[in-house]
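With these hints in hand, go ahead and build the complete structure from the sequences.
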Amino acid sequence: MGVIKAMTGNTAAYTGAALCRPDLIAAYPITPQSSVVEGLAGLVYNGKLDSNFVQVESEHSAMSVVQGAAAAGGRVFTATSAQGLALMYEPYFRMSTLRIPMVMAIATREMTSPETIWSGQQDAMSVRDAGWIQMFCESNQEILDMMMQAYMIAEDERVHIPVNVCYDGFYSSHLMEGLDVPTQEEVDEFLPKYDGYAYLDPGHPQALDPLTPGNLMMHYRKEHLDAMERALDVIEEVDAKFAAKFGRSYGGCLEEYRCEDAEVVLVTVGGMSGTGKDAVDAAREKGIKAGLIKLRFVRPFPAKRLAAALEGKKAFAVVDRSVCFGWNQGPMHMETKAAVADVDAKFCHFSAIGGLGGADLSYEHMVQCIDKLEAMKNEPGEKETFWLMAD
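Taken in order, the sequence shown gives residues 2 to 392; the numbers are from this note's numbering.
Keep in mind that the hints were calculated from the coordinates and are not lab data. Incorrect hints may appear among the rest.
Stated by the list, open to error - DSS-like mimics (lysine-lysine), calculated; alpha carbons at most 30 Å apart, straight line:
hint: 1; residue 1: Lys305; residue 2: Lys194
hint: 2; residue 1: Lys242; residue 2: Lys194
hint: 3; residue 1: Lys384; residue 2: Lys287
hint: 4; residue 1: Lys6; residue 2: Lys373
hint: 5; residue 1: Lys338; residue 2: Lys223
hint: 6; residue 1: Lys384; residue 2: Lys373
hint: 7; residue 1: Lys194; residue 2: Lys246
hint: 8; residue 1: Lys246; residue 2: Lys305
hint: 9; residue 1: Lys290; residue 2: Lys373
hint: 10; residue 1: Lys338; residue 2: Lys287
hint: 11; residue 1: Lys384; residue 2: Lys347
hint: 12; residue 1: Lys242; residue 2: Lys287
hint: 13; residue 1: Lys378; residue 2: Lys347
hint: 14; residue 1: Lys6; residue 2: Lys49
hint: 15; residue 1: Lys246; residue 2: Lys290
hint: 16; residue 1: Lys384; residue 2: Lys290
hint: 17; residue 1: Lys246; residue 2: Lys287
hint: 18; residue 1: Lys287; residue 2: Lys378
hint: 19; residue 1: Lys290; residue 2: Lys223
hint: 20; residue 1: Lys6; residue 2: Lys194
What the hints assert, rightly or not - Okay, the calculated beta carbon distance ranges per label pair:
hint: 21; residue 1: Arg159; residue 2: Glu187; range: 23 to 29 Å
hint: 22; residue 1: Lys384; residue 2: Glu312; range: 19 to 25 Å
hint: 23; residue 1: Ser114; residue 2: Ser363; range: 39 to 45 Å
hint: 24; residue 1: Glu187; residue 2: Arg259; range: 44 to 50 Å
hint: 25; residue 1: Gln84; residue 2: Tyr198; range: 30 to 36 Å
hint: 26; residue 1: Asp196; residue 2: Lys223; range: 22 to 28 Å
hint: 27; residue 1: Ser114; residue 2: Asp181; range: 37 to 43 Å
hint: 28; residue 1: Asp181; residue 2: Glu158; range: 29 to 35 Å
hint: 29; residue 1: Glu230; residue 2: Gly204; range: 44 to 50 Å
hint: 30; residue 1: Ser114; residue 2: Gly48; range: 41 to 47 Å
hint: 31; residue 1: Thr213; residue 2: Lys49; range: 38 to 44 Å
hint: 32; residue 1: Asn379; residue 2: Arg259; range: 16 to 22 Å
hint: 33; residue 1: Ser114; residue 2: Lys242; range: 40 to 46 Å
hint: 34; residue 1: Ser114; residue 2: Met218; range: 32 to 38 Å
Since this is a predicted model, take the numbers as computed values, not measurements. The C-beta atom is built at its ideal place from N, Cα and C for all residues, glycine as well.
Laid out in structure tokens, this is it:
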């Protein structure tokens with residue numbers, strides 16, 4: 002059996018990664034991710050983790066180093082935030098389109114400018130179409146557990162796509178919760194030793210990523226998207242396997258909370274979901290039939306399952322902690338609209354944007370969204386974006 006420990010989200014991230022026995026770690030510190038790197042470095046240099054830790058001069062170098070090690074057949078890990086993610090964008094994109102499995106944590110943070118180091122999801126959302134699988138965590142327990150699941154998903158032969166485990170900077174990364182931490186033996190039983198294919202093998206020299214003509218590029222992109230579709234099933238399978246082993250299920254691609262008879266629904270991403278659930282409970286006490294859908298994976302986007310979860314509802318609001326520049330709405334509202342496009346006219350819906358740059362995304366904001374939905378639920382159509390700002 003595991004043990005109960007108090008951990009920050011960053012501690013949960015590096016503890017979960019270490020339990021997966023990575024062969025190589027390369028990462029560069031950046032707020033609010035830095036203690037992930039520091040924690041792993043401490044484990045390696047104190048002899049508690051048998052892994053190669055490579056000190057690099059930038060995030061671009063970090064992704065390049067883990068890319069080479071993964072291409073040689075190793076299980077690898079790194080972590081970053083915000084401008085660090087932007088700096089590694091070239092090898093980040095290359096990692097996914099080479100279809101090399103790995104796991105990277107993103108302690109999400111607002112992007113500059115104006116200058117900020119505070120929480121937001123703009124960094125991760127900005128690269129959601131760079132070919133990685135992306136999931137967002139609500140709790141520190143989920144961060145730890147998803148490290149194990151992420152490797153199993155990424156390394157599945159039906160997938161072979163790297164995975165981002167994203168969680169809210171500062172709100173999750175630096176705040177502490179009690180966690181059930183599994184033993185190394187339990188994790189070894191759940192996650193088998195990685196027997197990765199070595200693209201780079203001195204015994205069988207070959208060109209990795211040569212100049213590719215368009216007709217082959219078409220095949221590569223189609224195969225990548227086909228693997229993304231298969232990942233939707235793999236995600237559900239891995240969640241079920243994890244629940245059978247550890248007794249915790251997160252619902253696979255998304256979680257439905259009190260949605261069975263709901264008329265109005267909040268759609269949330271990441272740590273805000275717990276606050277949204279409290280607001281749903283309060284609304285139920287007032288006689289409002291409210292529910293919540295937590296989008297756990299945004300890539301691949303679970304469009305069919307989300308549409309099924311919203312079927313029969315009257316109204317929904319998607320709460321984003323990021324913006325879609327040019328559309329005056331949040332990116333997950335756009336994605337959700339696309340998922341229900343065939344029946345969009347039946348819904349009242351709006352985009353709600355809050356929590357940018359570390360601003361509080363409060364219980365009162367969630368209540369306001371539910372009350373607004375309740376007042377408009379019999380008026381189908383898209384409504385004006387609702388900005389969740391302090392007075």
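| query | What hint numbers does the structure not satisfy? | reply | Numbers 1, 4, 12, 15, 17, 19, 23, 24, 29, in rising order.
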